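Residue numbers (my numbering), protein chains in the order written: chain U, -5 to 316; chain W, -5 to 316.
Treat the hints with care, since some could be wrong.
Stated by the list, open to error - Okay, derived cross-link-like pairs now, PhoX-like style, lysine-lysine, Cα gap no bigger than 25 angstroms in a straight line:
(1) U/62 to U/11
(2) U/305 to W/305
(3) W/282 to W/103
(4) W/4 to W/103
(5) W/316 to W/282
(6) W/11 to W/85
(7) U/62 to U/85
(8) U/305 to U/316
(9) U/316 to W/103
(10) W/4 to W/193
(11) W/316 to W/305
(12) U/64 to U/11
(13) U/103 to U/305
(14) W/228 to W/193
(15) U/316 to U/282
(16) U/305 to W/316
(17) U/103 to W/316
(18) W/305 to U/316
(19) W/102 to U/316
(20) U/103 to U/64
(21) U/102 to W/102
Just so you know, these hints were derived from the structure itself, not from any lab. In this text the structure is predicted, and so the values were computed from the model without any measurement.
Here is how the chains run, residue by residue.
There are 2 protein chains.
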Amino acid sequence: MYIPTFDDVKTAHERVKPWIHRTPVLTSSYFDDRTGAELFFKCENFQKAGAFKVRGASNAVFGLSRDKAKYGVATHSSGNHALSLSYAAGKRGITATVVMPRTAPDAKKDAVRGYGGMVRECEPSTAAREAMLNDVVDETGADFVHPYNDHRVIAGQGTCSLELHEDAGPLDAVVAPIGGGGMISGTCLTMSALSPQTKVYAAEPQNADDVYRSLREGRIIEDDAPQTIADGLKVSLRPRTWHFVSNYVADVLLVSEEEIAEAMYLVWQRMKIVIEPSSAVAVAAILKNRDLFAAKRVGVIVTGGNVDLTKLPWMQGLGVPK
Amino acid sequence: MYIPTFDDVKTAHERVKPWIHRTPVLTSSYFDDRTGAELFFKCENFQKAGAFKVRGASNAVFGLSRDKAKYGVATHSSGNHALSLSYAAGKRGITATVVMPRTAPDAKKDAVRGYGGMVRECEPSTAAREAMLNDVVDETGADFVHPYNDHRVIAGQGTCSLELHEDAGPLDAVVAPIGGGGMISGTCLTMSALSPQTKVYAAEPQNADDVYRSLREGRIIEDDAPQTIADGLKVSLRPRTWHFVSNYVADVLLVSEEEIAEAMYLVWQRMKIVIEPSSAVAVAAILKNRDLFAAKRVGVIVTGGNVDLTKLPWMQGLGVPK
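Chain U with its partners taken away, still in its complex shape:
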């Protein structure tokens, strides 16, 4: 199992630069007042395809040799990784095949197609998904790019905190949401090299607390179909991300669904930016743990802004501040 190094992050940054945005780092006097901290929001909601995932996907796609690239790439995902891989493949002029459960919303399938990806529908089970992905790879020779358990993807995600560190200066802490652990692993990789005194915190929904439990038990625990509005965070750790999480993450901070929704509402209302529920998990964790972050310089990874505007948490009464 190859574990990427900070050199891989630097190589990735040069490789992906032409295909991604250098996203801004925003500040907010409202959130600084609320938390007592100095917060630096790295806004990957403004990223190409709407999320940080394009960093890892582009690193994988543009790192392929010409011989290998011509067979295309493939993945299973119904979220931001699927969009990002389709975007990157389109930019390189190769095919991206995305295996998605036939039960996934049409909007998600259409979004992948909108970025030029080919959708292959499977039955909604892990076994069916893996079987179809194997079929695709066998048929086409495509390179499988896992959403996070892939050293190229982790190195790509590490470019995000590289930019954050350059733009915000030395930080006492970085907080990012955790699902499968790709962003957190890249953050650990970069911060351990550039700024070892910076603590990396993973923010996780209470309703999908597999990482929290994994760290306490010292082994990967998988959630069984967790229910959370942070739909990008339902997946579980894999060996490459467990490596970084178990060795480097300072702590896992849990937040409730109501806390996620309220943090999301406040960011939209006060900062005037559209962030997805998964990103709000990090903000909620900082609001909830004032003592941990007050008087500190804290980076916040706003992972993405892909959200269904017709299905917002507060349309169901969740998250509107009293």
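Once you've looked at the hints, dock chain W against the given chain U.
Then chain W, alone, in the frame of chain U:
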């Protein structure tokens, strides 16, 4: 009637700089593709108090002599001008009194109080509003800062396109929404001095088309209680803004409620920024008039981002693209 000059805009810019954000100018490959134009979005939704109005309000407040300032300022408004005047007065440490109809939503009254303004409630009629404002001025000696029919306010709003011109470079056109005409007047003032070849277009809701009709008839026509989701644009021209509109505006572009809502939805979805319906009027006008703007460099004034997140147009089925 004093008509402000570009020198007043430059003076205003130096005066208000410490109290406002230099807001970013964003671009969007999606909207460039859709319109065939090169668009530069001046993002006043990120401005202090959430809208461009803080420019004019701060210019008025910080331009007062110390002797005059101690009596405070007053206005009538239930929108962004009320927030902005309260914000600016708070920064100068003086009182802002805001006359609002007692029927205005509590959220708006609370927002004014949140910025430190004093709310005085009147009956919901123009006569009652003016009577109470006169009372306030008589009682306190406060300086009345009209939301737009005030040369200090117009000069302040002109600082917005000054920054846009500096950051985006020469433009073929600037499009801004029009209500009472404060922003459009400031834009005309600045562009006529800095870049006379730039055409200034006013974008207006069909449902509140008083400016469109005024220009065609050659005199100020007032709407009678117009109904539009662009609630910042319901007011009518006054002599100082009529001066600029009648002499300088290239054309008034009308858009429907559905077009406003759809433009707003698309900006949120694609650019990941929260803009208010009034701002979407300008975007809708560009989407609707492709032939006018294709292949041109076009500035778009995104006037503000103050919107009730629990009452979005698409919650009533308005504006979701097919």
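Legend entry - Hints that the structure is at odds with (numbers, increasing): 3, 4, 21
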